[in-house]
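Asker: Assemble chain B onto chain A, guided by the hints.
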Amino acid sequence: MPKFDQSHFSLDINNTDDLELIGMFLDELPNRIEALHKTAESCDFSQLNRLAHQLKGAAPSFGFDPIGAAAACLEDRIKTSNIEMLELDHIRCEFDALVSECNSYLKYIDS
Amino acid sequence: MTSNPQSQLDQNPVVLLVDDSEFVHRLLNARLKTESIQIVSAVNGVEGLELAKSNPPALILLDLEMPVMDGFETLRQLMEDPTTRNIPVIVLSGQDTTQDKVTAFDLGASDFVSKPFELTELRARLRSALRISTLLRMLEQRAQIDGLTGLYNRSHFDMRWNEEYESSIRHGKSLTLVMIDIDQFKSVNDTFGHPAGDAVIAGLANLLHKHLRSSDIACRYGGEEFALILPDTTPEDAKGLCDRIRIACEEIDWPRHPERKVTISLGISGCIDGPTLPAMEWIEHVDSNLYQAKERGRNRIVCDQTKGQLVQLPKAG
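In order, the protein sequence lines correspond to chains A and B.
First residue of the first sequence? That's 1 in my numbering, and the numbers climb one at a time after it.
First residue of the second sequence? That's 1001 in my numbering, and the numbers climb one at a time after it.
Quick caveat, the hints were computed from the structure, so don't treat them as lab data.
Hints are not guaranteed to be accurate.
Which residues of chain B face chain A? A few of them, derived with a C-beta cut under 10 angstroms, are [claimed, not checked]: (1) Ser1114; (2) Lys1115; (3) Phe1117.
What the simulated footprint calls covered on chain A by chain B, stretch by stretch (three residues with Cβ under 8 angstroms from a Cβ of chain B suffice, anywhere in the stretch; the number is not a length) [unchecked claim]: (4) 19-25; (5) 56-64.
Backbone N, C-alpha and C define an ideal beta-carbon position, used for all residues, glycine too.
Extracted from the complex, chain A is given alone in its bound form (with noise of 0.2 angstroms):
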């Protein structure tokens, strides 16, 4: 596993509490990765909707900023969108940005 590299965090990875945030993040990260793709594969865009949003809540609060940007902007797209007329496709580019932001931290976690 890398050393965490500051410039990934925007808390301080070498305070204990920030630190404690950060692992708690990163623990729940996979299933958060794993809920994305299930939601998008069945084509839930009110859950994906509610996944995002929660992500751009939370993500920023421990450390992980480009994640919650990545995540307003898939929001944003589903919310501006008619969600019954809806297809992966169109937010195929948020949806891909999301998920690249969220795996480029899982070199962190222990395998």
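Answerer: Same frame as chain A, now just chain B:
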């Protein structure tokens, strides 16, 4: 010693967090652990409402976007219920349009914090809301206390009498009501002046405070009249307790008028296994027992057990 209507303000106030995001629960539990608060968690509005009603917290942190019941509807229901209406609510939300904020404040929110949180700010707002809530509760308690005696006042009596009456029906338990009047009080005022009269009222309150148990509720009913609500107490037991108070009162030496003793008359009526009279009639009946005690020569007790059929609580719905 009777329950003392003094402010009992929590050292570790309960804060109810209603949010569907597991992340937010973890985050706030971790980040607010130094705040001397106790966080209780609910993951949707329905659960939050149940917890708020069953054990009202000092403060509620409420998310807006939640499944089952959203934050606006939860807030509306909190504000409609008398048990939760006065609990301050800080709305936490990722929806931070002006309209959302206006709606939240119009529905009764005390504050609005946007997600992602600036935790230092959230902590400051939480402390501020708890401070205001503490002051409001102090004011509320003061409004229930009689200034001269420190006992509960008439408005508290009306509320508690109804509560204890219903509780006695529900649990089929004994309950006794006592009315006390200071004998010939007007002559104390007329002869020795109003400060002496006030000292007698305060002195009797002090005596009640010493003799009653923590579950008893002593109120100044008005002027020189006092009311005691004695839950789980039969009229017979109440009579014993009240006779000790009557004798103790008679034995007091009053510094302002050592030559003039003060006596009290008492009307008592109680039930053994649930009320047999409507709540208002019961008060009138105790009052009439007090009147008889006066008629029979004062400094005495007239006590009985209420008669009639057991009263049933009206069925809900």
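Asker: Could you tell me which of the numbered hints above are not met by this structure, giving the numbers in increasing order?
Answerer: Every hint satisfied by this model.
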